[in-house]
Amino acid sequence: MTEREERRFVEVPRESIKLMAENTGVELSEEVAALLAEDVCYRLREATQNSSQFMRHAKRKKLSVEDFNRALRCSNTESICGYGAQDALPFRPLKECELFFVEDREINLVELALATNIPKGCAETMVRVHVSYLDGKGNLEPQATVPTAVQSLSDDLLKYYQQVTRAILGEDPHLMKVALLDLQYNSKIAALLPYFVYVISGVKSVSHDLDQLNRLLHMVKSLVQNPYLYLGSYVRSLVSSVMYCILEPLAASINPLNDHWTLRDYAALLLSHIFWTHGDLVSGLYHQILLSLQKVLSDPVRPLCSHYGAVVGLHALGWKAVERVLYPHLPAYWANLQAVLDDYSVSNAQVKADGHKVYGAILVAVERLLKMKAHSLTIAAGGGSAALEGSVARTVGFRESSPGLSPPPEPISEPPLGIASHLHAGGAGCPWEDWTPVSLPAMYCELYSFFGDSLAMRFSTDPPQVGIPTASSCQPIHNKKEPASGATNLESTRKMPQLTANMNISPRQDESPHTEQPPSLAATAPGRSFARSSSSSVSRSRSSSSQAGRSTSQSREVFPKARFPPPQAGPPAFTFIIGGRQMGRRCQGRRFQTSFIPTPPLTSLPPRVYAHKLPVIGRVSKPVRRWTASYYSLYLPF
Amino acid sequence: MAAVQDGPMELDTEKETKPEILSDGSANLSGNAGSGVLSSSPHAAGAQKPEDQQTLIAVLQFLRRNKLTESVDILKREAGLSDDQENSKATDTGGKGDGDAGDANALLSRVSITSATAPQSAPLPLKSGDDQPDVRVVLSAYSQQGEPPLYKVYYSDLKKFIESVLDCHRAELSQLFYPLFVHMYLELVYNNNESEARAFFDKFSGDQECYYQDDLRVLCGLTKKEHMKGNETLLDFRTSRFVLRISRDSYQLLKRHLQERQNNQIWNIIQEHLYIDIFDGMPRSKSQIDSMSGSLAGEAKREVNKVKVYYGLLKEPEIEVPLDDEDDEAENEEGKPKKKKAKKDSLGSKSKKQDPNAPQQNRIPLPELKDSDKLDKIMYMKESTKRIRLSPENLPSICFYTFLNAYQGLTAVDFTDDSSLLAGGFSDSTVRVWSVTPKKLRKVKSAAELNLIDKESDDVLERIMDEKTASESKVLYGHGGPVYGVSFSPDRNYLLSSSEDGTVRLWSLQTFTCLVGYKGHNYPVWDTQFSPFGYYFVSGGHDRVARLWATDHYQPLRIFAGHLADVTCTRFHPNANYVATGSSDRTVRLWDVLNGNCVRIFTGHKGPIHSLAFSPNGKFLASGATDGRVLLWDIGHGLMIGELKGHTDTIYSLRFSRDGEILASGSMDNTVRLWDAMKAFDDIEMDDFTAATGHIHLYDNSQELLLGSYNSKSTSVIHLHFTRRNLLLAAGMYNSQ
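From first to last, the protein sequence lines are chains A and B. Counting from 1, position 57 in the first sequence corresponds to residue 57 in the numbering used here; the numbering is continuous, with no gaps. Counting from 1, position 554 in the second sequence corresponds to residue 1554 in the numbering used here; the numbering is continuous, with no gaps.
Extracted from the complex, chain A is given alone in its bound form (with noise of 0.2 Å):
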């Protein structure tokens, strides 16, 4: 160890001493050049060791020319001159002989007097004050706690901040790939966060672009998920920025060929992202969107666009927000939505198409509130299985017995934080503080008096949530497999928990932010063209672009009668023939649908009336296939 640390120091050969007396004239023997050389090295040393404490008082880490001259006018030495530079001296060898050198260039002194640019002086010395932890707290995200020294941008930041932005609203899709790829791993960009949040500020101008406000939607995206950035205050402008491509009738949606549809979804997308993620942050918010939302449904005067935008956003903030804002106005707006799609007339084609997708929303939002509420009930019944009674109470049973292949605990009914304790809360002066629950067959009633079979179709078909439910009484008719007494039935209870795997697999699942993945947001690769920001989204803009041209005439044909009449007016078998068309075309179940449409007066339907439906759904063949397009069905054409 010691032998290293020797060989650590400097030292000088007497060849150089010889060399540098010989420059003076002086010839030395071989002694004593030895001997002056090991006491230079030496002298050496302890200029540098007293040099280190100059460097100390000095408060540096560095030690500079300085600090050795003064430790040797300290002790009586002649200090050194010309190595006062406070840049590194450039140190160079020379290959021949094992030379090395300080480059020292000559300066033509001339030039430099005569030189116009004089360099600029050096700036003032200046004290500068900020808060940096206040009552100690401070910032304790890593990169905020970092005050930024210096208040303006540095230069580089500013170069930064100028290409990412010029990146991704440009024209090159791979640049702004890039260039979003990089604003959601920077660690760096905390300074920069105010402007780029002011350029996302700018949707309000670009509302006729929705090619812009796409890129815009994207950057509020990577921002979000960047993990070294504390978004602080500056969340609720982006959430502004967002609910305006949520529920604004933008300028890009007076031409129907502009797919302001998918920027609406992307949006709310967006905006339940950020509420997953960011929770802490908006939980405040989340009253005032919920006032906004219905605002905006609750507004005849909107245009439709809105109205799907508002229904999008209520779906994307999860199906309690469903449940206390858009299903007690369901009735109301039901009317209006009503006389638009019952205009047949030409000039109205656009807006009944519109009225169409407006429709398709409700019902998506709606059926997934039953699936979710049902299931939340199940969850709820899963711990007292007492409670329920006969076959279904055994199935649950059964259901409870093989945990291999049960579901994991999905906190459905009470989301952990944050949002949906703000429903339950429900502060002062809002709309649903009266609110009570209706029970999920009262719901399902009033539902289905709606959306009638399409409802009803979808809700059963579907796989998993909805088998679990509530006990029935309901004996549906073709059911060959029938558990009279499911307790025995192996058969039937084995293909539970097949349904319920299927659940697993489906992306949308989600109802609690923390124990999942966000929404398939988080799947989405920025570059990636808009249209596919999600699997579910992939189908849906897929069908709807297509639809756009080709399908409308047809829709517009069958979608009327498609629609369940009115509750009172009358019986159901209207749909059962729409049912079976709709069900045509995409699975075998439509035997059994039909079979399910003569209803008894639904009010007086006892909730069992789903539950008996399971081992239908079991044999529904290819469930898998389906559940992609589960919840945007009614894109599917028809």
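For the record, the hints were derived by calculation from the structure and aren't laboratory data.
Straight line, CA to CA, 25 Å or less: simulated BS3-like cross-link-like pairs of lysine-lysine:
1. K1713(B) to K159(A)
2. K1160(B) to K1203(B)
3. K1713(B) to K62(A)
4. K61(A) to K1645(B)
5. K1224(B) to K18(A)
6. K61(A) to K1606(B)
7. K1713(B) to K61(A)
8. K188(A) to K1713(B)
9. K1606(B) to K62(A)
10. K18(A) to K1225(B)
One side of the interface only, derived from the structure: several residues of chain A facing chain B at Cβ under 7 Å:
11. Y42
12. V127
13. R128
All residues carry an ideal CB built from backbone N, CA and C; glycine is no exception.
Starting from the structure of chain A, add chain B where the hints point.
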């Protein structure tokens, strides 16, 4: 100015100041308090312990040798030393020879060394001529005593022995390794056994404790007898006896072993160069030993920390009643006079109670309060009622003052107590003062203009200021080297700065000009600080002494000598009766301002100490060093009571919050850390035994005590300050690299 004053000359002035100190004291007294500080000093001298007397005699001998008869006379007169007393003593010591007179000898040589920190190649013949004999005296101890090749055998024999003893003794006896190693190595070098020395070093240097690495590196470079002459560190090592604290059992064990083995070589070194402080009781554990060792000269002897220290606070002066009226007028708040009055009373009564540990009010003559000081006191009280009570749950906010465009040049920072001004010392020799408040800095008008002013007017103080000179900052030019220390006077009228050029300068903040340059340190002055009551200030520097000055005296009143290396930082005790100094010999010393004695030596740091802070109640001291650790000391008991680990680089700043609940430390590692000082002090269980032996067992509870660590991006923290309301201000220089 001639390059450097030579040693003897300097010594001469030093000694001459000694009498002057006393007369200064008298002047102060007659001017201020009028009690017996002056007289107490000589009396104390008369009743000095024999040791002190020996010191005096040694000094006298030295003076006489250098034919400074006048000084001899004065010193004798002042010390109340009769001729024959001195003679008898002198012969006495002379006669005793090596054994006991070693003390006097060592003292003598030390005196010469402190004077001769001067370079080995000093140009003046007088000096070098003088230097030689002393060094020879010191080195003579290293005359040939054994066979060089056997040194290795001796040492490894001892090593084997120590490794074989019981665990409890091994830790204690292992302390011997380092000093023995150094002495044996130096002996080899001194006797020109270069190759043996090198072999010895290579073989055993790896065994030494890691905190001695720095010294070993110095040692390793030293291979020639000639080198020893100039190397101050090693001179210190030889002149001062390395102090070891060993339990009686362990010592007996060692003694028996050495006698059995006839290992005279090692025994001689132990006798001559080491001081073994034997105590009765349990041997100490390794961690206990490690926490206390590390200084250049071993641990402090136990008896040096036994002197009574009056660490209590002085009584607050009573301030007249108009306070309350002014309070109301000034504040214009809705009337809460009653409440305030009650508070004030309680405060007053608190300070009126005489603290049993407080020094006498006039132990050190303090300047009388001026009207402006009283106003300031009132302001202080007002502010302190609004003070935030800090606690682990309620941490202070931190404001960072970043120096921009300082080009690596910021070397010192200070805030005024009321946080209105900020001063920075720079390596380009300038001192800059900023106003932190919107109030700009203004100069007083020139004499000619001042003549025109109506001196009777009420706002004369406002009128004398020259509005044209108002600016946010002022630059003070005058130093000839980097400014390593700055300190505001408590009344904000003056600023002190200490510099590499060896001077301390006093600047007026009214005229922004230099008033006095105090010359005394001939080498860089690393730190300076005003006393909490103004008037006095202390400075410490490369010449290894700290000096106490009064602003109206151009020579120091006291010289605190004893550190074995540079005095790197100096702090006044809140009661102004004591001065603490930190040094690169890795010790902290506490000095009594009254008589200049060293009353406490704290060892335990493993690197040069760069920051000190007294707790507001005066009971505790915190010190921070290059090793990144903060150590806490109980002044009354003279004990280490805490170790705060966490920083990764030199701690340049320490500060207690105004009520002492929180200790803030600022470091080169760009962080400010907050520590729970209350907990650190409360947790100490102090039974009589630990108090008596000083063997306290420290738990490593740094993590529990650390309340927060706050980093800046690339700004090292070189100063911390709590405002009167407990807002933490930090200052440092932005490093662009």
